[in-house]
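Student: I would like the entire structure built from these sequences, with the hints used as guidance.
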Amino acid sequence: MRYGWFLLLLLPLALSPFPFYLTLLNFFALSGLVALSLYVLTGLGGMTSFAQAAFMGVAAYATALLAKGTGLSPWAGLLLGLLLTLAFALVLGLLTVRLKGHFLPLSTIAWQVALYILAGNLVGLTGGHTGLTDLPALVLLGLPLDTPFRYAFLSLFLLALLVLALYNLRESRLGRALLALRGDALTAASFGVDPAALRLKAFLLAGGIAGLAGFLYAHFLRFVNPTPFSLEASIKYLVMAVAGGVGTIPGVLLGAALFTGLEDWLKDLLPLLLGRQGNYETVAYGLVLAGILLLAPKGVYPFLARFSPKGEGRLSKAEPLPLPTPSGTPGEVVLEAQGLKKAFGGLLAVNGVSFALRRGEILALIGPNGAGKSTTFHLVTGAIPPDGGRVFLFGREITGLPPHRIHPLGLGRTFQHPHIFPEMTVLENAALATYARTRAGFLRVLFGLHREEEARALATAYQALKRVGLEDLALEAASRLTAGQQRLLEIARLLASGAEILLLDEPGAGLRAGEKRELAHLLKALAREGYTVLLVDHDMDLVMGLADRVVVMNYGEKIAEGTPKEVQRNPLVRAAYLGEVEAA
Amino acid sequence: MDATILGLLFLDALQNGVVYGLLALAMVLVFAVTRVILVPIGELMMFAPLSLVWLQGGKLPGTLWLALALGVAWALLTRGRGALLPLLGGAGLFLLFLLALKAPPVAYLAALLLVVYLGVATYRVFFQPMRAASPEGEHRGATVLAYLIMAVGLHVAYQGLGLVFFGPEQFRPAPLVEGEALVGLSWQGVLVLLFALAAAGGLYLFFRLSLYGKALLAAAESRLGARLCGIRPEEAGMVAFAIASLMAALSGLLLAPLINAAYFMGFMLGLKGFVAAILGGLLSYPVAFLGALLVGLFESFTSFYASAYKEALVFLLLVPALLVQSLRARAVEE
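Taken in order, these protein sequences are the chains called A and B.
Its first residue numbered 467, the first sequence is counted upward by one per residue in this note's numbering.
Its first residue numbered 46, the second sequence is counted upward by one per residue in this note's numbering.
Since the hints were made in silico from the structure, they are not lab data.
Careful: at least some of the hints might be erroneous.
[Said to hold, decoys possible] 30 angstroms max Cα-Cα, derived DSSO-like pairs, lysine-lysine: (1) Lys355/B <-> Lys534/A; (2) Lys566/A <-> Lys259/B; (3) Lys104/B <-> Lys733/A; (4) Lys355/B <-> Lys566/A.
The structure presented is a predicted model; accordingly, all values stated were derived computationally and were not measured.
Tutor: Shown next, in the form of structure tokens:
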């Protein structure tokens, strides 16, 4: 029960006789907030930030300066602090989210160091290393929050609220999309997720959460100086999140609790043990982080979670999302490639390939290994931009569009090696595909206003699973599926996405004979219902029995096109491909 | 500003720039081969002159025990005959240190080899097991992220250990060569420049001409493919770390007489190396090196105008660098 997190609010009452523990409790809540911001970034989004403390610092100094300078209510400081943090996060994010994964965290290190130096050196503004003192206490409904006891209610309440909001995020189209993005951005993009935009939003959310924590920090201590906003502090929060288990909300909070408790103890104990002064606790943080990454990369929590009762997943009874009704006449051209070209260095992988896909047919693209089939596939789906030639989808030019722009137009694809996400359930994997057909944005999701849409998305996914016969496994972890079931899941995902044109990259690879027959049966049934299928495969039995028409490629060029019978008789094809097969 | 000051700023920029350049090259090299971003390179760099100072003072530095401890872990992780390398290396290192206490010129070699040994052991103990645990091809982004977190953790740990081993003071080892070549440029500075050029040129030739250098880069592209061609990826990673540590240690030893050495100083130097490496997209050696010279120049001039903020202002250079990369990048990486 996630509302159980509000029971944290009882802790200040229990600890009220112990002022020291009340202070620790506040620090736990603040650390928990920052660690949860890393859950969004690292646990869901597969990014990380070494500047969360700097974001805290921006908000803390903003509210401190506003309060000292103008005497306005600290709540105005919250607004200013959040705006400033978001602005900084926006600049940093815009610069890095389009780049490969390591640029963002690397830049955050630089950013963190730079801000820390500025906080220490802009003495006129920030008071340098002595900092700013005598900040006003927060006043809530006329009650000044000037003791750790009172403050704990606010900080823990906000922590519990954030936990709820992040559970909402995890169980939403955005949570699934972030998880997918972490595993494999291309797959996510193939279902309409704009990787750069989503990463940016997650980064902003994380920055905002850290800003909130910084604001609370400033008004809790009523004093700011640069030390708590250093790179070491940022790393401390990362250690908390990673040690507890950055992939789960309870894990992150467990880490925050453990380290808040340990920190004071370490600071006192280590110098006693080792006998000299020094930053032993930072050494300990570094080594703990290293040890966790080596020995338990998922953190401590998974070991505990084994003993906790397994959460019962529910199946949605809601009405599935409306399927776009296939319009247009059978036989009309829906997807057309004209003179596609792609070279990798000196290798001409695809050279002037043209073909047309007609509504309701099953077209197979075949050819020997290295013929350029998969590259053609990538060119058509936008995974890589062509060097020359054009692609039309429903008569509209899509040449050079990225996959997340092409998918919503009605084209879905599978991958040569099934790209499923093992940390999600089978149902969630299928539900990922409804991303382009659902709308809820970050605000709606965080406040839990997306539930109705979410239920319909899950119902849609369940229906698709039923269609391929995987409904009994809906709530299992996707990692438990066999190779054949993974193929079926990929097809279910396409059906849930509402795409009318299905591009299947070697759907038969790794399947047993019986599974192949079932697959062929399913694809034929889908074609009869108005779906259009383009598939790439090596398996002649499957292709020749299934396809209405075949396009044959060799050395990057199209060498034949026609019905399976015609193609089999074609001497060029026999020489290039079937001949080799017969000989073998 | 007159011509003399301008000249001094340029010399200063050049001297710092080539050091950032060396660090940037080392980082690009390690990244290319192992996908590890070597954040603790600054600590490795400082360990060399600090250990040297300790040896010259007749004491065994704490870094030796750190290296030997990691060496034992390395040996434990390596079954069979492979364990001989860390064990013999560690024993040799220990003997060399004992010898260096008696024969001061050996101290340079001892400090150098210490850092190389430490660098390789760091890879073997902390990074290689992560690499072995990650599935080939899948979730590579996740692995790179975990490497980075590991690297930052090691930076914190090594920096903290540096404080424990060497205390907060700054040390200035005696320069190898005394005197000034011209006003503002000591002979030691000339030595730094010459070494930087030789190292950069040597790396270029190594990767362009030698089969082994090409094999290293191949191992970076595909573990499996490299293995099929008879290249052991673990070995490639160790060699990359060895070269990077050697470059860091040499730069540290050469630079320390000019700028002092202290446990905390390596990080900022390394970070500026990063800025340079990022200017080159973490890919291009020449651009990274030129970028480093630019960083040096920028830093020299900002320190003239706003010395208190020069360390912060350097990172402004990241903005145009990232912007250019962003505009060139495609949104979706496979």
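Student: None of the hints should be skipped; say for each whether it holds.
Tutor: Status of the hints after comparison with the structure:
{"no.": "1", "hint": "Lys355/B <-> Lys534/A", "verdict": "holds, 28 angstroms"}
{"no.": "2", "hint": "Lys566/A <-> Lys259/B", "verdict": "holds, 24 angstroms"}
{"no.": "3", "hint": "Lys104/B <-> Lys733/A", "verdict": "holds, 28 angstroms"}
{"no.": "4", "hint": "Lys355/B <-> Lys566/A", "verdict": "holds, 28 angstroms"}
Violated hints for the displayed structure: none, as all numbered hints are satisfied.
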